[in-house]
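This is what each chain is made of:
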Amino acid sequence: MADTKKPIIAIEHVDKWFDDFHVLKDVNLSVAEGERIVIAGPSGSGKSTLIRCINRLEAHDRGRIAVDGIELTEDLKRIDEVRREVGMVFQQFNLFPHMTVLENCTLAPIWVRKQPKEEAEAIAMRFLERVRIPEQAAKYPGQLSGGQQQRVAIARALCMNPKIMLFDEPTSALDPEMIKEVLDVMVGLAHDGMTMICVTHEMGFAREVADRVVFMDQGEIVEEAPPAEFFTSPKSERTKAFLAQILRG
Amino acid sequence: MTANASIKWLRRNLFSSWWNGALTLFVLYVFWSTIPPFLDWALVRAVWSGEGREACLGPDKGACWPFIFANLDQFIYGRYPTELRWRVDLAFLLGLAGLVPMLIPRVPAKLWNLGYLVVAWPMIAIVLIAGDRPGLVGVDTDLWGGLLVTLVVAITGIVASFPLGILLALGRRSEMPVIRTLSIMFIEFWRGVPLVTVLFMASVMLPLFLPQGVRLDNLLRCLVGVALFSSAYMAEVVRGGLQAVPRGQYEAARALGLSYWQTMGLIVLPQALRSVIPGIVNTFIGLFKDTTLVLIVGLFDFLGQVRIQLSDMHWATPQGAATGYVFAALVYWVFCFGMSRYSVFMEKRLNAGRAR
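So the sequences go chain by chain: A and B. Residue 238 in my numbering sits at position 238 of the first sequence, with consecutive numbering throughout. Plus 249 on top of the position in the second sequence (first one is 1) and you've got my numbering.
Bear in mind the hints are in silico, worked out from the structure with no lab data behind them. Among the hints, erroneous ones may be present.
[Stated by the list, open to error] Here are the simulated DSSO-like cross-link-like pairs (lysine-lysine), alpha carbons at most 30 Å apart as the crow flies:
id	chain 1	residue 1	chain 2	residue 2
1	A	139	B	597
2	A	163	A	77
3	B	359	B	538
4	A	114	B	359
5	A	6	A	163
6	A	117	A	139
7	A	77	A	6
8	B	359	B	597
9	A	180	A	240
10	A	117	A	77
11	A	117	B	359
12	B	359	A	139
Construct the entire structure; sequences and hints are all you get.
Right, here's the structure in full:
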């Protein structure tokens, strides 16, 4: 169980404001190594903001966030240390359009991890095989489909050999027929024991791989439970309303 | 068949309505009344050889080209000592040797090439042209003139304003308030002052602020003025490019652990600069033409040198001024058109490589 292992991510009493808007309200979340968390909730509930605080793309205003024992503060060196260990996949892929797929994957290992180019390329090819698009290595992102781009984005993050992977609505910008190929890669990753936090509306994915589902609404964590419990016997009214809406289709 | 097709083309494109037809006729009339007389003056009635003003005198003589041929050396070097002009030529050739491979995309080692062009070559060129080293005869900048001065001012302006402009653009978008404010103040100051004023200040006011006994060369002061002036314009062009790069690019780079400078140098700037090539070249062209303004602080650039030679009694003819200015315009046009065509070539090449 999660409680018995040491937490790799500790979020304690975190508050954040966008000007006057209280986007995170006293959020507490502890994630153990190897744990898979799915964060669900209506749009504007602060899910994306929360995971963007974990690698400090957003700064929290109050409380404490520690990743792998490193506390996130203004200290830029520590932030870079955390970012090296935390991979992130974005809704809009955010591949670098002026570089080939292979260059996208080797950029950070070469410049941040100081890996030799040949080694970085060998590792990148291995991960491109794992996401099943090694044949696209020499192409530019603009020549790929959305699903392929998102798989490259996953491979790019994995090339840094992260301890934690953050997924910020990775399938929301995809055409329906491409969602499965991306989810398959994520399921594979989960089975390999990667610590993952996914913001997603894919409840099937949550059922299949999540250890815990965290439900957020209006900047608060309303409820967290293993998927079996979460989907069959939700406690709060807000969760029930959300599930009724999202599972109707 | 083809005659029929051309009539159809004419009707569709030039005479599709009475208004378009009238416009077409009017434009044809303007062409007919300006181009043949100009060609008649520049080529047919023009004088092509002669030793002095007498050759070009006469009631229906056209352009006085011997004036240009005889003064070509002055136009290029100004009063630079004749026996030392090989040093200018050598500096120019060394520059060309760096520039040509730089402009051809297929030639490798661009980074070394760029280093030679913006660091090594300027130093070599300064030593060669100014000659302020033991063993070389020094040539005071008062003697520099013509195309030499034009190119020195333009190249210094371009080489200095490009990196400065990028730094200012980054500074203006910085999250650090002090750097941002300083950048904005710098940019808005130089953008708000005409270049003529900048040059006057550089040559008249700057010496007042310098400690006694320190004398800055007039040309050097103008170079600094032109470089700072054009870097402010460059900064605004680059800023436009930076704003066109989606925020997600920056976030993805930072999320991978890249530092600020790595993010800017490897991800943001390559995309930003690519999208503003036309604006950058536009600024360079503007800068090249603005070099003519150094005339007002007593430097004789190419245009200034042409004007000096016009007042030479040996060549004073009614057609001299027109010939000189047409020649000057042609030279400036060749340089600017060359830059413009190269930017079109680069844009096409960069867009062909990848679909976005």
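Results of checking the hints against the structure:
no.	hint	verdict
1	A:139 / B:597	19 Å, holds
2	A:163 / A:77	18 Å, holds
3	B:359 / B:538	28 Å, holds
4	A:114 / B:359	23 Å, holds
5	A:6 / A:163	14 Å, holds
6	A:117 / A:139	18 Å, holds
7	A:77 / A:6	24 Å, holds
8	B:359 / B:597	19 Å, holds
9	A:180 / A:240	26 Å, holds
10	A:117 / A:77	24 Å, holds
11	A:117 / B:359	19 Å, holds
12	B:359 / A:139	23 Å, holds
When the structure is compared with the earlier hints, no violation turns up for any of them.
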